[in-house]
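Trainee: Residues per chain, in single letters:
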Amino acid sequence: MSPAIRHRAPEPSSLFAALGDPTRLALVRRLSGGGALSVTALTAGTRISRQAVTKHLGVLSRAGLVASERRGRERLWALAPGQIDEARRALEQISREWDHALGLLRKLVER
Amino acid sequence: MPQPIPDRIEKKILLRAPRSRVWRALTEAREFSEWFRVNLRGQFGPGLEISGQVTYPGYEHLTMTVRVERMDPERLFSFRWHPAAIDPKVDYSAEPTTLVEFRLEETPEGTLLTVTESGFQALPVGRQGFAHEANSSGWEEQLKNIERHVASHPSPRA
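Chains as they are written, first to last, in this note's numbering: chain H, 1 to 111; chain Z, 1001 to 1158.
Treat each hint with caution, since some may be false.
As the list claims (entries may be wrong) - Going by beta-carbon spacing under 10 angstroms, a handful of chain H positions derived as facing chain Z:
no., residue
1, Leu-102
2, Leu-104
3, Leu-108
4, Val-109
By construction, these hints were calculated from the structure, which means they are not laboratory data. The beta carbon of each residue, even a glycine, is placed where N, CA and C say it ideally should be.
Start from the sequences and build out the full structure, keeping to the hints where you can.
Mentor: Here you go:
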């Protein structure tokens, strides 16, 4: 392992932290159209270097937000909905639990 | 289309009861325990921690702990807790908490209660699971929310 990798900055611990950077947010926005794009395509028309884009994609990838796939000589990046979908299902669950609890509260105070 | 996870749940419910009655149901531990299905021991008080065994069927092996933040009589009751801390083997104490707020408003028909739970996005990856239901706003709208939030709460760069 190279010193550069060993000494890299700590990873953001949350989804929010992964998105808490204008460049990463821009990358997510770019990928939110649904397609898979190469680093070259993601870099085109920006002032950001390929290295920087690759680094930011790595952070998003570790937060489970994007995933890549090799196609021929290129690596293509796309949004990875798995993590977000799973979280949303659990959110729906907690929302239902609030509804249920508040229904019980209503019974208690209206009786 | 995937959407980022929103940071808060909000629920509104009109209760046909006076504010004083609703306040009591929220802030007396015994009454709170009844509708929230927990068996809290002790009393709610600003800055105080209170815990008890969950009585929700299937989750009786869990202990729930909340730390009260504010108690403005008949207006605002708030506490922090670890949302859905459902694995007794896991120590959640180092994780960020979510903030639960109950706001009471008097209306001609009774008491309008607004419940919000916020702070889900600060939870570690894989634990956002206990946040709120998907709302109808799209990806663009959610990104704007995140951008606004980020603008006011800068985070360190990786």
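Trainee: Decide, hint by hint, whether the structure agrees.
Mentor: The hints, checked one at a time:
| no. | hint | in the structure |
| --- | --- | --- |
| 1 | Leu-102 | 5 angstroms, holds |
| 2 | Leu-104 | 4 angstroms, holds |
| 3 | Leu-108 | 5 angstroms, holds |
| 4 | Val-109 | 4 angstroms, holds |
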